[in-house]
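For this one, chain A is given, so just place chain B on it according to the hints.
The listed protein sequences derive, respectively, from chains A and B. My numbering puts the first residue of the first sequence at 1, with every later residue one more than the last. My numbering puts the first residue of the second sequence at 114, with every later residue one more than the last.
Simulated from the structure, these hints should not be mistaken for laboratory data. Incorrect hints may have been included.
[Unchecked claim] Within a straight-line C-alpha distance of at most 25 Å, the following computed DSS-like cross-link-like pairs (lysine-lysine) qualify:
#1 B:K383 x A:K86
#2 B:K412 x B:K501
#3 A:K86 x B:K578
#4 B:K132 x A:K24
#5 A:K86 x B:K678
#6 B:K132 x B:K228
#7 A:K86 x B:K326
#8 B:K326 x B:K139
#9 A:K24 x B:K678
#10 B:K417 x B:K351
#11 B:K383 x A:K24
#12 B:K351 x B:K339
#13 B:K501 x B:K578
Here is how the chains run, residue by residue.
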Amino acid sequence: MNSSNPSTGFSGRGVASGWQLAMKIKYFAYLRDTTHTAAEHYSQPAATIGDLLEVLCQRYGPGFSRWIRTPEGGISTIAIILINGKDIRDGAWVDTPLSPEDEICIFPPVAGG
Amino acid sequence: MNAWTGTILRVNLTNGTIKKEPLDVKAARAFIGARGLAAKMLFDEVDPNIDALSPENKLFFAAGPLTGTFAPNVGRYDVVCKSPLTGAIAASNSGGSFGPELKYAGYDMIIFEGKAPAPVYLWIHNDQVELRDASALWGKEVPETTDLLRAETDEDAKVACIGPAGEKLSFIASVMNEMGRAAGRSGVGAVMGSKNLKAIAVVGTGGVSVADKDAFAAAAKDAAAKIKAHPVGGTGLKAYGTDVLVNILNSVGSLPTRNFQDGYFPTADKTGGEALAANNLLRPRGCHSCIIECGRATKVTNPKFAGEGEGPEYESAWGFGADCGIDNLDAIIKANFLCNDLGLDTISTATTIACAMDLYEAGIITLKDTGGIPLNFGNAEVMVELVKMMGNREGFGDKMADGSWRLADAYGHPEYSMSCKKQEMPAYDPRGVQGIGLHYATSNRGGCHVRGYTIAVEVLGNPVKMDQHTTEGKPDLVITFQNLTAALDSTGACLFATFGIGGDELAALLSGATGIPYSTADFMKAGERIWNLERMWNLAAGLSSNDDVLPERLLHEPIKTGPSKGEVSHLNEMLPVYYDLRGWDANGVPSAERLETLGLA
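Chain A extracted, bound-state conformation (with noise of 0.2 Å):
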């Protein structure tokens, strides 16, 4: 069975959406004072990442999207998004395509030393 939301297509918690496959999507450090979670499953169709980013800024509204996007609305070059560990700023950026099976990890901007 399919444990997820039929009308958003997240599941949470981390708890696998059943037969469906569905993208893991886990969260770091601020994102994860509006997602109230650290990962996620989603098994909406999502082509690029690009997509999925902007479903998320819709989903969590601006306490999310304030690090992901530039003040003029585009996606932050200094958050973190990895596909399968790979980031897409080495890549085709908010155009890479997505697969159901994709494990996508996001990072405002941090960083240490």
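Just chain B now, with coordinates in the frame of chain A:
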């Protein structure tokens, strides 16, 4: 003088004499201060072939020209000497308020020579400088030493001292200031201990003048605005500390795990900055003039590992965590507190424990060697106990107290030491991030990340992004970061200021403060000059291109799991290009022409 105080203290511990000397202005202009100027003086005064723990070694405590000014994030000083761990030049950099206080007392630098016949400490109160008996302090840990010295001198005194590890000449002993700030790397605490110098306490009531107040104020305001406006410098580091990197490095498959056997640790999230902020953080803490506040005041209530103190930084959380196969954050924090109290470098301590666990699981060392202590990866209780044993040189801890290379070599397997030039590497796997491996191999103080932090570009994408897995362009990137950091360290600025400002802003600050017009090119050239001077001293000490290497494991054993699975370091492709771009020959020796260009001929 402006920016520099113009005065150096020279303390001969053998005969107890204290002299005040004028700063060499020409050298200060060329080598800036702190790391650079102390390296220049070490180069001029210390035979590179001496025993690092002999009285012939000299120990420099050096602030920079910006240290103590009101520019943002300029509270640092360097401890410079020959390293007992590497045999190379040591320059360990620390924050807090000790460096500024030294400037306010009227000194750019203290040089310690010789060896005191009995334990002493140096008490500086502006012009009054005296050596005092420290017999009652010998054997005491860092917090008690600091408290006793404040009670004996001045409650506002800034104290830099060693703990039991430095007294017992551990090659990985740190110098601690204000209890929780560390000049951690390369065993500078052992050199202090070898001189019977327990501590320095300083109170200064003066200030630091600048040459052009308007220009300096404008440069400081500009720098502060840029740091605050940057998402990392302005908010990120304060909220999560540097430990936020655990999840980032793990997610790109470059978090060294179980002594670099792997690059991915499935339960790393339990040890990251998010978990630390949620469970243990009391408040962020900043150094002098800091507007970032990456420091962590933390508390553990779990009775098994209870305590309160400072840390962990990312490197410490990784070292006592993933590198030891441990995901118990309480134990990790406790190990960090113990390192602070005993005066041990967290990176080398943790990585030496990981090495011991690796040797144990490989059957190279046994329960007979360890005194009956099982050293399996993942054993948090044993890990914490080993820190205590290392700091006090007790039992098997005595064999571990000189770092992983000596430990592994003693059992005939130095290849188990994850070190460069015998100094333990930090928390970025060179198989997953190519440029940082080239930096580790070529760093003048051995395995170290802060002398050439290419992670900013290769992983964080800050200020630009390069693919972490490619080698193209990495030698040039490494050189740029090494030169920039050499110059930055020499000003007294914090590396994290570069999450907001760069060479342009630092040159403007330096120009306004000193009155000497440093262009950005002048600033970068000073960094290159310092790097080459350190290299020349190391070559004279007997190091060579044979030491610009990584452990065999990283060249031939691919990462086993995670996003960087299958990757190895391609150091040998990058190194010749690096030498060539540096203007060095195929053996890594700077050419006469390049030295001439840098004023080092």
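* Structure versus earlier hints, numbers of those that do not hold, lowest first -> Checked against the structure, the hints that fail are numbers 4, 7, 10, 13, while the rest are satisfied.
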